[in-house]
Amino acid sequence: MSIERDVAAQYGVMRYSLGSLLVNAVTGNRHWKPIWREPEPKPAYDVVIVGGGGHGLATAHYLAKEHGITNVAVVEKSYIGSGNVGRNTTIVRSNYLLPGNLPFYEHSMKLWEGLEQDLNYNAMVSQRGVLNVFHSDPQRDAYARRGNAMRLHGVDAELLDREQVRALVPFVDFDNARFPIRGGLLQKRGGTVRHDAVAWGFARSADSRGVDIIQNCAAIGFRIENGRVLGVETEKGFIGAKKVALSVAGNSTRVAAMAGLRLPIESHAVQAFVTEGVKPVIDVVMTFGAGHFYVSQSDKGGLVFGGDIEGYNSYAQRGNLPVIEDVAEGGMALMPVIGRLRILRSWGGLLDMTMDGSPIIDLTPVEGLYLNAGWCYGGFKATPASGWCFAHLIANSAPHPLAAAYRLDRFARGAVIDEKGMGAQPNLH
Amino acid sequence: MRINCPYCGERALEEFTYRGDATVTRPDSLDAASEPAWVDYVYFRDNPAGRHREHWHHSAGCHAWLVVTRDTRTHEIVAVEFAGKGKLP
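Protein chains in written order, with this note's numbering: chain P, 1 to 429; chain G, 1 to 89.
Check each hint, because a few of them may be wrong.
Covered stretches of chain G (in silico footprint by chain P; criterion: 3 or more residues with CB under 8 Å from a CB of chain P, positions within the stretch not fixed) [to be verified]:
hint	segment
1	10-20
2	71-84
A few chain G residues that don't get close to chain P, going by computed Cβ distances all over 12 Å [stated by the list, open to error]:
hint	residue
3	GLY61
4	CYS62
5	HIS63
Calculated from the structure, these hints are not laboratory results.
Glycine residues also receive a C-beta, built at the ideal position from the N, C-alpha and C atoms.
Kindly generate the complete structure, drawing on both the sequences and the hints.
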């Protein structure tokens with residue numbers, strides 16, 4: 001703690017408290033300081049993390065806090081929060097089915113629950129509940145199975161009947177001819193977290209512990225000799241490193257290729273939408289899987305919603321019209337009230353879609369090079385556990401038990417983690 | 001994005017179903033020795049940022065399988081061919 005105070009004093013990072021808020025409020029908010037430094041890169045570090053997104057910054061935070069490794073740089077090609085951590089729909093949940101996934105995502109949920117105290121940063125964690133609606137007996141069976149798997153792993157889950165769903169979301173179309181609402185699976189501890197604040201909070205915490213966050217500094221190559229990584233070539237020159245960690249989901253194929261690796265990944269795009277702000281209408285996160293639509297309401301009042309991925313390889317950070325139509329139709333089928341709202345914005349983000357729909361946190365064939373990739377469309381909720389397990393992997397060169405299933409060789413071993421049972425077809429996961 | 005089917009002409013994206021990378025080749029052999037080739041065929045992809053040769057099925061049209069060459073950064077379509085031997089289905 002004293003080291004933390006020293007570093008904080010050195011770099012002028014102030015802790016947030018009721019006192020600091022009051023003092024700054026009455027002094028015109030003129031004395032807030034930047035919450036992280038903007039250093040030039042040093043010639044070498046113990047660890048260089050490529051990718052200053054949520055996962056890379058969380059990794060830096062946990063490397064410093066849990067493993068005492070602070071001689072670390074995070075290199076980011078743009079600015080902090082410019083990638084997927086600022087482009088997602090902010091949902092957190094741990095309602096998974098398979099043993100390889102459930103303990104990992106539940107650990108992430110627990111880290112979310114303590115995140116703001118851990119970071120001393122308001123990330124607006126809102127455990128408003130995540131509700132998956134169903135429409136038929138077989139779907140009810142599938143959700144009962146999922147709920148039972150969750151409870152067997154100590155995760156909260158409640159199977160709701162039609163009237164219990166009505167109490168939560170009275171405005172949905174319960175008697176839709178094709179998809180009548182028969183009930184739902186509710187995870188009360190799920191909800192939303194302010195995505196930008198997650199990036200900023202992790203960045204501030206890592207910086208205050210001595211991590212250098214270097215923005216506008218793309219990695220353009222790796223120096224590898226005799227099968228061992230020696231550092232990263234960047235736009236700001238060569239940075240030596242004992243260990244290099246890749247955390248660049250969306251572009252993992254391109255970055256890993258610079259180290260000679262080939263991955264079981266296709267890049268796809270997914271879109272999200274936000275409407276004009278309205279008074280409170282929906283206080284849970286609701287998903288309509290059968291209709292490819294999910295929705296929540298932001299604290300500003302806009303409905304935030306999305307649907308399926310675009311379905312074909314893409315490096316364009318935007319989508320096409322058919323998915324927009326599909327999402328709008330899903331929204332209208334589930335909650336016709338949405339038809340009166342105007343969409344303010346839609347945008348797209350890039351996904352690493354793996355061949356089984358599950359992520360990769362593993363060593364690579366290059367000594368000293370570590371890989372965190374393949375988050376598909378679900379990376380945001382995983383941010384803290386991903387950083388936690390990746391930091392463990394980097395510090396110990398051995399996988400964390402919670403990420404033991406996320407090995408790169410699982411495809412060759414036939415040990416895939418296919419939540420949807422779709423096979424090696426990324427656009428179906 | 002619209003795809004110019006050689007049989008039907010230019011049609012909207014909704015008429016087509018995506019299958020994926022058209023450059024991977026299925027190994028001939030089922031020997032244990034060909035297992036790495038199978039793993040590569042089933043799971044590993046070049047995933048280029050740029051021109052990508054990919055299979056599309058004109059599922060709401062003539063049911064032809066097509067090989068489309070498309071830029072994954074811009075969605076510009078450079079070429080559309082039949083996936084078979086270049087003949088009409």
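To see whether the hints hold, each was checked on the structure:
1. A stretch counts as covered by a chain when three or more of its residues have a beta carbon under 8 Å from one of that chain; for the segment 10-20 of chain G and chain P the count is 5, and the coverage holds.
2. Restraint check on the segment 71-84 of chain G versus chain P: 4 residues with Cβ-Cβ distances below 8 Å, three needed, restraint holds.
3. Non-interface status of GLY61 of chain G relative to chain P is upheld: no Cβ of that chain comes within 12 Å, the nearest being about 15 Å off.
4. The Cβ of CYS62 of chain G lies farther than 12 Å from every Cβ of chain P, with a closest approach of about 19 Å, so its non-interface assignment holds.
5. For HIS63 of chain G, the condition that its CB be more than 12 Å from all CB atoms of chain P holds, with the nearest at approximately 18 Å.
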